[in-house]
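J.: Those protein sequence lines, which keep their order, are chains A and B. If you read the first sequence in numbering that gives the first Met the number 0, its first letter stands for residue 0, the second for the next number, and so on. If you read the second sequence in numbering that gives the first Met the number 0, its first letter stands for residue 0, the second for the next number, and so on.
Source of the hints: derived by calculation from the structure; they are not laboratory data. A quick note: this is a predicted structure, and the numbers were derived from the prediction, not measured. Hints may be right or wrong, so weigh each one.
Said to hold, decoys possible - Simulated crosslink set (DSBU-like; lysine-lysine; CA at most 35 angstroms straight-line): (1) A:LYS4 <-> B:LYS162; (2) B:LYS243 <-> B:LYS270; (3) A:LYS4 <-> B:LYS277; (4) A:LYS222 <-> A:LYS209; (5) A:LYS55 <-> B:LYS270; (6) A:LYS4 <-> B:LYS243.
To be verified - Computed footprint of chain A on chain B; a stretch qualifies when at least three of its residues, placed anywhere within it, have a C-beta under 8 angstroms from a C-beta of chain A: (7) 54-63; (8) 158-167.
Every residue gets a Cβ at the ideal spot worked out from N, C-alpha and C, and that includes glycine.
Single-letter residue listing:
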Amino acid sequence: MNSPKPSMGDTMETMHKLLRGEMAPIEVAPILDVPVERIELYQTLVKQHLTNVLEKIYTSLPALLEPSLWRELVDDYFKEYPSHHYELNANGGHFRDFLLERHNRDPHKVSGFILDLAELEWREWEVYAAPDEDTDETAGTTLNPTLVILQLDWPAHAFLNQWRVAMNSGEPSPPLPEEPSAETVFLFRHPRAYNIVSIEAREDLLFVVKMLHERVDIATASKLAGIPESTVEGFVRQAVELGLAQ
Amino acid sequence: MNPTDKTSFLDTAPAPTLAFGIGLRRPHFDDLLNPWPGVDFLEIISENFMNFGGRPREVVKAAKERFPLILHGVSLSIGGLDPLKEDYLEKLKALADLVDPPWFSDHLSYSSHWGVEYHDLLPLPFSEEAVEHVVARIQQVKKVVNRPFLLENPSYYIEMPGKEMSEAEFLTEVVERADCGLLLDINNVFVNATNHGYDPYEFLGQVPANRIRQYHMAGHDDSRSFLVDSHGSHIHPEVFKLYKHALTEVAKVWTLLEWDNAIPSLEVLLKENQLVRKAASEALGDSFIVEVAS
């Protein structure tokens with residue numbers, strides 16, 4: 000007697016177990032009556048897509064972590080955080096949550112510095128991809144709508160800048176910071192050039208951010224802070240030149 | 000399909016014409032203001048632009064000023080058993096409205112199950128169950144996006160259980176019953192024919208030529224015991240041969256060069272595109288095809 004024909008659902012369920020790594024190619028091949036080598040390719044490719052996207056977004060982590068640890072983290076992330084978004088890059092976002100879990104479990108394995116690096120690199124991606132917002136031409140100077148203000152416990156921003164310069168010029172990686180040191184970072188997409196700008200917060204720029212956020216005009220801000228109007232105008236001009244305001 | 004229905008694919012889709020294009024990929028965004036000799040149109044991966052503002056969005060607008068653009072998707076999962084993603088379809092429609100392409104396309108495959116996205120194209124069984132399932136979902140997609148839709152024959156390395164018809168019959172059944180168009184990937188025909196032991200030339204004679212509006216050309220990898228549709232190398236001479244046959248015997252339509260892995264410089268892509276034009280010129284004896292590009 001012939002065995003009943005498998006439905007699409009049956010086949011997709013078997014494939015799902017293969018692609019999620021719950022079944023080995025050698026187990027799936029006889030069920031689907033297909034060659035092991037060919038079914039294995041699908042399993043490899045599906046995992047590779049996520050691995051590649053993590054390496055694309057979190058550029059510094061695979062370079063700074065021990066290769067065996069990076070592989071372990073990627074393997075575990077793949078198992079614990081299945082991709083649920085059709086846009087591949089979006090599936091890299093939960094990697095920070097995953098790293099935080101690992102940090103809480105063993106802070107020596109995944110340090111607070113690594114967490115801050117991951118936060119910074121993911122936020123850079125988010126800012127790059129952020130949807131455009133309609134701007135109100137009559138509203139005067141406004142904050143860049145893509146602006147993210149990051150409070151980091153470790154000097155991840157300063158390190159990442161140095162690390163990127165070193166990598167681009169073929170120099171060795173700068174030493175990892177040994178102690179926490181708080182950083183406040185402005186991260187935004189330049190409104191005209193579209194490049195991602197990250198700068199450490201300064202007093203003058205914080206002043207402008209607060210002023211524009213609270214919709215206070217230059218004259219009022221000048222009075223409230225006891226700073227000459229021309230100085231405040233200079234702060235605003237500088238913020239606009241940087242792309243922090245527009 | 001009602002033969003008097005003037006909303007059918009054959010009535011509403013642009014008539015077949017010759018044109019040659021390449022995929023617009025991120026490494027070439029900076030090149031967009033430079034000359035792209037020999038390129039008549041660009042194809043964009045829908046998912047690479049649907050969720051993005053900033054640079055990608057501006058690049059699409061700038062590209063649209065210079066070229067006709069086509070949308071090609073990879074995550075529709077038309078054969079999947081999960082419901083079609085409403086958010087995806089809405090964003091696809093919004094992108095189509097921005098770009099105004101002559102058609103949009105995706106693959107006759109599935110890429111998600113139980114809410115998990117695989118980001119790969121998985122084959123469907125060549126069965127009546129699959130035909131009925133996919134046809135119903137194509138109707139949903141067409142209703143939302145409201146533009147001519149092409150389905151691409153994907154590469155596949157395994158035949159799923161439950162086969163009741165040939166690949167060509169499956170493809171034909173789906174596009175005829177769903178009343179959509181066909182994007183024929185010539186490299187996939189060659190890869191599949193080699194991997195599954197059929198004659199690619201016979202296959203070309205079995206698909207509905209009147210529904211083809213676009214070809215894909217790409218490179219494959221033959222480092223295993225079977226061919227892999229890698230999109231990461233130059234087009235194989237046998238694929239060029241099959242392409243010439245398709246142009247002379249099947250349909251004269253737009254041809255897109257795909258190169259998605261180890262993406263080379265624009266210069267390399269433009270040269271490869273010239274080779275596609277040259278092949279078309281040799282096949283059709285039409286010298287203008289190359290002259291336009293020079």
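J.: Does each hint fit the structure? Answer for all of them.
T.: We went through each hint and held it up to the structure:
This hinted pair checks out: LYS4 (chain A) and LYS162 (chain B) have alpha carbons roughly 9 angstroms apart, not beyond 35 angstroms. For the hint linking LYS243 (chain B) to LYS270 (chain B), the alpha-carbon distance of about 18 angstroms falls within 35 angstroms, and the restraint holds. With a CA separation close to 48 angstroms, the supplied pair LYS4 (chain A) and LYS277 (chain B) exceeds the 35 angstroms bound. As the CA atoms of LYS222 (chain A) and LYS209 (chain A) are separated by approximately 15 angstroms, the hinted pair is consistent with the 35 angstroms bound.
Between LYS55 (chain A) and LYS270 (chain B) the CA atoms are separated by roughly 28 angstroms; this keeps the pair inside 35 angstroms, and the hint holds. Only pairs whose Cα atoms come within 35 angstroms are accepted, and LYS4 (chain A) paired with LYS243 (chain B) is rejected, the gap being roughly 40 angstroms. Counting residues of the stretch 54-63 of chain B whose CB falls under 8 angstroms from any CB of chain A gives 4; the rule of at least 3 is met. Counting residues of the stretch 158-167 of chain B whose C-beta lies closer than 8 angstroms to any C-beta of chain A gives 4; at least three are required, and the coverage claim holds.
The structure fails to meet hints 3, 6 from the earlier list, while all remaining hints are met.
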